[in-house]
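Please construct the entire structure, taking both the sequences and the accompanying hints into account.
Numbering-wise (the UniProt record's numbering), the sequence shown opens with residue 1 and increments by one.
I should point out that these hints are in silico values taken from the structure, not numbers from a laboratory.
Note that the structure is a prediction, hence the values are computed from the model and not measured.
Worth double-checking, as some hints may not be accurate.
Stated by the list, open to error - Simulated restraints on C-beta separations:
(1) 213 - 29: 47 to 55 Å
(2) 194 - 53: 23 to 31 Å
(3) 123 - 59: 54 to 62 Å
(4) 100 - 38: 46 to 54 Å
(5) 171 - 39: 49 to 57 Å
(6) 59 - 271: 31 to 39 Å
(7) 38 - 182: 46 to 54 Å
(8) 27 - 251: 20 to 28 Å
(9) 27 - 155: 44 to 52 Å
(10) 25 - 237: 26 to 34 Å
(11) 153 - 23: 47 to 55 Å
(12) 36 - 271: 19 to 27 Å
Quick reminder that beta carbons are idealized off the backbone N, C-alpha and C, glycines included.
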Amino acid sequence: MSENQNLLAEQRRALILEEVRRRGGVRVNELTRKLSVSDMTIRRDLDALARQGAIEKVHGGAVPVMEPSTHEPGFEAKSGLELSAKDDIARAAAALIVPGSAIALSGGTTTYALARHLLEVPDLTVVTNSVRVADVFHSVERGGGGQRPGAATVVLTGGVRTPSDSLVGPVADQAIRSLHFDVLFLGVHGISAEAGLSTPNLAEAETNRRMVRSARRVVVVADHTKWGTVGLSSFATLDEVDTFVTDSGLSAEARAEIAEHVPGLVVAEKRKGPADN
1 MSENQNLLAE QRRALILEEV RRRGGVRVNE LTRKLSVSDM TIRRDLDALA RQGAIEKVHG
61 GAVPVMEPST HEPGFEAKSG LELSAKDDIA RAAAALIVPG SAIALSGGTT TYALARHLLE
121 VPDLTVVTNS VRVADVFHSV ERGGGGQRPG AATVVLTGGV RTPSDSLVGP VADQAIRSLH
181 FDVLFLGVHG ISAEAGLSTP NLAEAETNRR MVRSARRVVV VADHTKWGTV GLSSFATLDE
241 VDTFVTDSGL SAEARAEIAE HVPGLVVAEK RKGPADN
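And the structure:
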């Protein structure tokens, strides 16, 4: 059995997506040879990626979805992408947190994954503009009959809800302006050397700027597919980032470019799982 046959379906789909983006399109028969799986398996993978909005199926293969810089995918659409990579990143980022800290978590599916890893870290104060992140902590309280000793104190900013379930705008900005975080964990829509950190949502860009200004330390949590993506509005440069936590799919060239600007680069180790073809 080849190494590729041991890939999880999710890992295989990540490889397919990377190939589509890198080459501008792939054919089914090329993928069956490259990944050593059946034609039917590849077609199921393409169907799954197409449902997530990650690719567009064409006769005999797939091509990238060309999105405008103003396109903002919803939380559900993004939550199905790069699941294992996000969990790897979340575990590595959680290891950076000192119990008793005041931390901020921005909106996004990677910070959502991080929140689940923070439930056992004692005495945190968590400020977030993410409805989903706040609900991770609140659901534990609801299910456990009240607040547990050492449970996090959660502050949810107000604001206008975005498609990615973040709260943004003047209300959120005003709440964040008066606060000071030990560490900000920041999810991003896109990141590049030229544009820095960016988002397609103008109001979210301003709220993220406020978060960056209020943090003593800024940690970006982003999987490798975010590198090279540019949204409508930039809200921070790479030089404003203290630590970048990503997954092993990030290319050596991108790592070198990030290292020129960011003092700390953490590449999360990949967890091994059972075969799933």
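Now for the hints, and whether the structure bears them out:
{"no.": "1", "hint": "213 - 29: 47 to 55 Å", "result": "holds, 52 Å"}
{"no.": "2", "hint": "194 - 53: 23 to 31 Å", "result": "holds, 25 Å"}
{"no.": "3", "hint": "123 - 59: 54 to 62 Å", "result": "holds, 57 Å"}
{"no.": "4", "hint": "100 - 38: 46 to 54 Å", "result": "holds, 52 Å"}
{"no.": "5", "hint": "171 - 39: 49 to 57 Å", "result": "holds, 52 Å"}
{"no.": "6", "hint": "59 - 271: 31 to 39 Å", "result": "holds, 37 Å"}
{"no.": "7", "hint": "38 - 182: 46 to 54 Å", "result": "holds, 50 Å"}
{"no.": "8", "hint": "27 - 251: 20 to 28 Å", "result": "holds, 23 Å"}
{"no.": "9", "hint": "27 - 155: 44 to 52 Å", "result": "holds, 51 Å"}
{"no.": "10", "hint": "25 - 237: 26 to 34 Å", "result": "holds, 33 Å"}
{"no.": "11", "hint": "153 - 23: 47 to 55 Å", "result": "holds, 48 Å"}
{"no.": "12", "hint": "36 - 271: 19 to 27 Å", "result": "holds, 22 Å"}
The structure meets every hint from the earlier list without exception.
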